[in-house]
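Q: Put the complex together from the two separate chains, hints included.
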Amino acid sequence: MNPETAPVNVTIDNRSITAAVGTSILQVARENDIYIPTLCFHESLSPHGGCRMCIVEVEGLRTFPTACTTPIDEGMIIRTHTAQIQEMRTEILQLFLSEHTASCLVCGEKVECREYMSTVRKAGVTTGCRYCPKDGQCELQAVTESLDVNEIIYPIYYRGINVETGDPFYDRDYNLCILCGRCVRMCQEVRLADVLAYKHRGRKTIIGPAFSRTHLDSGCEFCGACVSVCPTGTLREKARAWEGKPEREETTTCSFCGVGCQVKLLVKEDRIIGSLPADDPLVNQGQLCVKGRFCNTELVNGHQRVKNPYRHEGAISWDVSWNEAFALIAEKLQASSPDRVGMLVSPNLCTEDLYIAQKFMRVALASHHVDTTARLFYGAGFNAYLGLMKRAVPLAAIQNASVVLMIGLDTRFSRSVVGVALRTAMKKGIEIVTLNPREHTISLKANLWLQPGIGTEFRYVDMLAQLTRGAEVPADGISQVEREKLEQTARMLSGSSNPVILVGAEYLQYDSSRELLESVAQLADNIGAGIMPLPAQNNLYGSLLAGSYPELLPGMRSTGDDAQRKLLEAVWGTSLSNLIDSWTAASLVACDTPLQFLYAVGEVPPPMSAPADFMVFQNMYPPEPYGSADLVLPSAAATEVDGTFINGERRMQRVRRAVVPLGNALPDWEILCRLGRFMGATGFEFSRPEEIREEIARAVPEFTQENIDARTPMPFVLETDMREFTNDATAHHAAERAQTDSAPPFLFHASVIEHTHRGFPLSAWVDGAKLLFPEGTLTVNVEDAKALQLTEGDVVRVSGASFERTWPVRLASTQPRGTLHASLLETASSHPNPQPVAVRKADV
Amino acid sequence: MNEELYPSIFSQFKGEEGELITILLRVQEAIGYISQEAVKRISQFLKISENQIYGVASFFSRFRFDEPGKISIKVCMGTACHVHGGSLLADAVGWDLGITYGQATPDKRFDFQRANCLGSCTLAPVVQINDKIQGRVLVTELKETMKHREEF
Ligand code: SF4
Ligand code: SF4
Ligand code: SF4
Ligand code: FES
Ligand code: FES
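Going line by line, the protein sequences match chains A and B.
Once you know that position 363 of the first sequence is 363 in our numbering, the rest is easy, because the numbers rise by one and skip nothing.
Count along the second sequence from 1, add 1000, and you get the number used in our numbering.
Cross-link-like lysine-lysine pairs, in silico, DSBU-like; alpha carbons within 35 Å at most:
| no. | chain 1 | residue 1 | chain 2 | residue 2 |
| --- | --- | --- | --- | --- |
| 1 | B | K1147 | B | K1132 |
| 2 | B | K1070 | A | K786 |
| 3 | A | K204 | B | K1132 |
| 4 | A | K264 | A | K238 |
| 5 | B | K1014 | A | K427 |
The set of hints was computed from the structure by calculation and includes no laboratory data.
Here chain B stands alone, though its shape is the one from the complex (with noise of 0.2 Å):
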């Protein structure tokens, strides 16, 4: 872990408990997450225990506390996509991956999330791999892709 990273996100605040939800999004910018790491630094700036900054945190379902894995897999479950059939496409990928959305698996290569709508509508069903937006994703399709995930 960068030694320097928590001085420099807190030097940008004055360390104020109204702060902690700014510093909790930098830190999540910074890392990917909330790590026990970080909330125990966040406690000591800010002088607040670590238990109550967890309770925020896990208020808002933006913030993880989970290391999340290098190749992100999002599944978009937004109205459109779930009624083409999205749940479908989750069931696929957690079947694959052997974990269920909100999850990466344990060696952290694969991040597996669900999202809400990707903005895609139109190309309903729509899958997501790293930056690449995939649409009309066929169940099938998405299996024989999967086969290939090393390489994404």
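Isolated chain A (complex conformation) (with noise of 0.2 Å):
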């Protein structure tokens, strides 16, 4: 609102009102508390004008206007619920109902219904019966109410659409729809995404993506931003649709990655029913991506889920009191010598957990042998990446840049919001480049696409970093377009204030990573560019911060460091060990020594890591199909726990409790606190995160409570090396094999999939991530699949000169032609990556 112009005297239904002017009477009448019925009309949408449900009567203006896309006068005489305006609107609103075959707005029980929603809305008038979602969104029945219509006056116009029920995460039914347009707006306005538009017109007026495709079909993002806004009960998540209205919400901290947004999770009758965005100005500003949006409620809720303490030996399995299971565990450890233990924890826990673990391990065990699975997922480019994380800019810093050039970074399924801020920016006018060698998100729109070979990224950037220093390069194997592009991305980078470079998660488990990340530091170098590495992990920072590292203490330090472990001594009583060896969570895979003993914390060990005598394995789910365990420790869930987590801008944000632990679970704090006290060990007398946070903060001086309150990124003091974990580790495993195949040879790449939370990917326990990222699937580009006769789903076997798999097929247009992709929990087993392959349909 602009201070200098002079606020606006309008009067509403007598009252004489001061408004800032370009104020809507809507607007007006709202802060004022004079209700005028809407449909098409929602806060964080343009205006529409489009349901008419609004209008008012303006003195001397012979038209009635709609209050929502009126701004106010001067002198304005302004009436809202004239007898005239209550009969029009109820006419507007017959004309809505003939339409929406919907009894429910004038059942005769509406009144009981609406406080408990106890039913599923039952509606049926003269076409069978509709079910509407009881998720107490319908904003059709308070205009219904407000207007007192209690019968639909004209003929039923049934449109008799076939529900679609097909697409993951929500449906849709048409039948219901009263055209209001919120939904389209949302996805073209807000979310930029384009997928949803007015099909055909007049009565066959329908919305929905191009053809009759569906949504998976269509580039949609599955954000549910469209579902959030409808009013009427067309757009509806197949989770929550019977779920009743929540008592409750809490706003934490999402957990599947390090964007960190801030999320309104829905309770009932202690139970999440379901999560949406938050409306949070410094990461997430309203939008969240499918895994924030709807994967959660379903990954909390699983009835797979570990609710006890349980033993396993052999093919039984037999349910144990937490007592018998820190016995246990005592007498397995007082048989292991500390170089024979370890522990691999997962950086999707909070920060206290993570300390904790390690401190389980440094104090009670005397050993260093604490690990997270980062190590394994950024691999040979491990320090490369840290490094760009110590220069992480926050992602404010793209609506200031004039360029952003996207590295592997493709935010349809994660990091969703990262390509809301992107495509907004890029209406502002910002240039985009995007380097990758499949179609995605942004491809389309980008200013430039840059589609570099699968494999050869790393010379492309590199190729960048050179070009942006002057020097000459050499363009062999590149096609001329691809040069061009290259020069002009140069200039485009070089001519810029204010750059910043994306890094996303796709090239991480390449061979050449560490190349890659070392060019995208020089090429910032070079152009004076803000670098954004988008952690796949949601608290990568805390848990080095925590140092659940075996060469990290706390504070990030160096476990040699003299200085901090004589502080660490002094904080937890106790000295350290000095057995410093070269123990890594790689050491699991190269398995030279198996371990005696293997604690899993919220952390599915690789699958190829050699069995330990004895394995702990502590989190939601039970391991199997992904591993085996001898004990089994229920964990409880993000939801279920108050913590921390630090992002990828390196923000302290908090985690809420929103419900409590399922069953018997218990926090990983809580469980290695009770396990240390059992067993005798001192420093782990904590009962709640505060007294936690309180201890990390005296080891830590980097860690205070003003970070959890401001949010204000935190300093990167990492000065250690990590040791990498580079394929070698596995190249003994790889027997050597003759190829036998003729089949042509393919290209093959495979990354690590980060749609995964503690160590699981989301496709185990969601149903939907099964169809938009599932593990384990290997994607054959159209054209390909039908020269080699294969259809979705078929099993193919896949050999290289390594290894030979066997995965179910799914197709994609985006797939470069003569290349072959998996998304697995693991990619050391099938290097060199990329590697060419040969694959044939698996015998039947």
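A: Structure, rendered in structure tokens:
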């Protein structure tokens, strides 16, 4: 609002009101608690003026303007509820209702029903039964109520459209659609995803993507933003439609990636029934991706979740009490030597859990053998990646940039909020260059799309680094078109103010990942760019800060660092082990000496690791089919604990407990503290996460309460070089095998799936994720598949120089011809990556 | 599909959003309908989503999205033809081909459309088979004609 413009005086329903110039009548009315019925209006969308429910009378005007689109004017005299207007509104509503076959709107029981929403909204007039969700979101009911409409007077026009249920996460029943266009505006104007559009016209008008495609085939991100704004039951969440109204909400941090979106959890009867974006100005600005919006509810409510500690031996398993479990662990640990025990923790856990985990190893077991799977994920590029994290700029930098370079980043099903920010920035004129061999969400609209061959991405970045240094670059192996694009990119980057480089996770498991990341750093140096590494792990920084690595003590200081050792010894009241060896999570894979005792905390050990003599598996779900364990302990989910995550921008953010842990599950820190106390160790007398944070603050100067409140990016003090997991570690695993297949070779590339949580692929426990981002499938180009006579779901055998695996096939037109891609839990056993392979249909 | 088709159509345009309708018209002239392939190509050319293009195109009834049949049969349903029993003729053709207007037979041999006025009102009711207009058509006559439809 412009302070220089004088406020405007208006009269609404005989009340004199002063408001800022430019405000709409509707807005002024709402601010002053004057109710005007609306249907197509929504606060976060541009006014549309389509439903005409908000018409008002303005003295001196012969027509009735819509309050949502009409700005106030000096001296306006507005009446919102004259008999004439109410009659017109009723007439309009009746027209809506004749196409909206829902008797629940005029049902005699609607008052009781509204209170409890105890039944499904069974709605039948003359058309058979329609089911409408009971999520308390229907605004048509509210408007019908306000106009006191109790019967539908016009003949029912029933469109008889099939309910669209084929897409994951939400269904669509366009028989209930009132064409208010909110979903279209959300998808086109706010998300800028352009999936939904009006199709056809007149009575046949319907909303949806091109032709009669599914949302899955139309580039939909499954962000659910359209579902959230639909004022009818047309768009409905599969999982929430019959849950009723939430009793309360809790704001927390999403646990699925390093963006760290703020999420509003909907709770009913101590159960999470849904999750919606929180309107957070710092990070996600009211947006989420499919993981935060839809996967969470299903993941935390899965019926297969572990509820009790249980012992597993051979083919049988039986529940044990917590104390029996602790006694068993203590017994096994007594029989193991400190250099033959190990702990694998997940960078998905809270900082408090991670801190306690490493403290348990260092204090109770006098061992530094604690590591995370991030080491395996980043492989040979670990240090280079951490180097980029050190330079991370906040997400807001996108809006101030003039050019953005995206490297290996597709924001469709992960980090979608970054995608929204990018597209919004594009509207404002920011130029985008995207480097990715595969067609992806932004490739259509980006100013330039660099399309390296699979496996040559690092060369492109290196060429950009050289070109921006002014060096001449030999053009070998790169087409003229691509070369020109590279030169143009180099010019754009060099000539721009505040360029930003976004690094996605797509090539991080390639053999060339280190070169790629180092070139990114060089390129950034040359052009003075800000870097935004967007880690797949929600609490990667927290895991470093908490010291859950063998070479790092809390505070990101080296395990050999005398000052930090002294500080910790003082805080912990114990002396630290001097046994500093080369053990890391990679040793599990190399399996030189199998461990006597392995403790997986919120993590699934890599499939090819050697079994330990005794393994404890502490997680939300049972280890099968991704592994097995001797003792399974139930962890609380991220929605059931208090704590903190530190995102990729290095903002410390709160995780809030929305519901109590399922069954006998406990927060990970609490399990470890209880175990520590059971074993007689001191320093585990915590009863709340705050107490743990107080101790961390004493051990780590960078960690303060202030960080949590202000959420300002924390410093990155890591000086130590981390040991890297290179594929040589597994080289001797791969038996050389002769290539016998005669099928033409394809270039095979694999990545570690980033849609995981606590070591499990989301597709293991979330139904919709099986369709969107399945683990362990092979993506084949549609045309290639035709030539190979493959159809979706066929099982194929892929044989490379060092491996042979079978996977079901997924078809995609976005996969470059002649290449095959697999998203896997680990890629080490199929290295080199990429590599030529032969492929044929597996024998049935 | 002729690989040169889209480049040659697009070469006459600047690639601005406002050119969408004209491009759609050109494409329909060239291949007789707006194919999925066409929508994808236009999307890449204009940098707007396929969904939006389809939304715009489907608003206009002159665009069709299925491949037309080779032999076109149009039954006029304009005012004059309508009062002279055009709809009976349409029914007859529909029964015969097993489809309704706006469709093509699955083998893409016949294409059945209704027209709003074929400009020969004095001859109502009118049927047009390919380029040939037939006037004062009786249902029995039309049925007889349809028997020889493979020779049209
Ligand atoms: S889920 Fe998101 S991307 Fe998909 S149609 Fe709705 S708003 Fe558009
Ligand atoms: S689907 Fe919902 S939001 Fe979209 S137009 Fe229909 S009623 Fe409105
Ligand atoms: S972008 Fe990341 S933090 Fe945001 S909702 Fe998705 S997974 Fe969660
Ligand atoms: S709310 Fe104003 S026209 Fe729909
Ligand atoms: S109405 Fe049929 S030709 Fe004019």
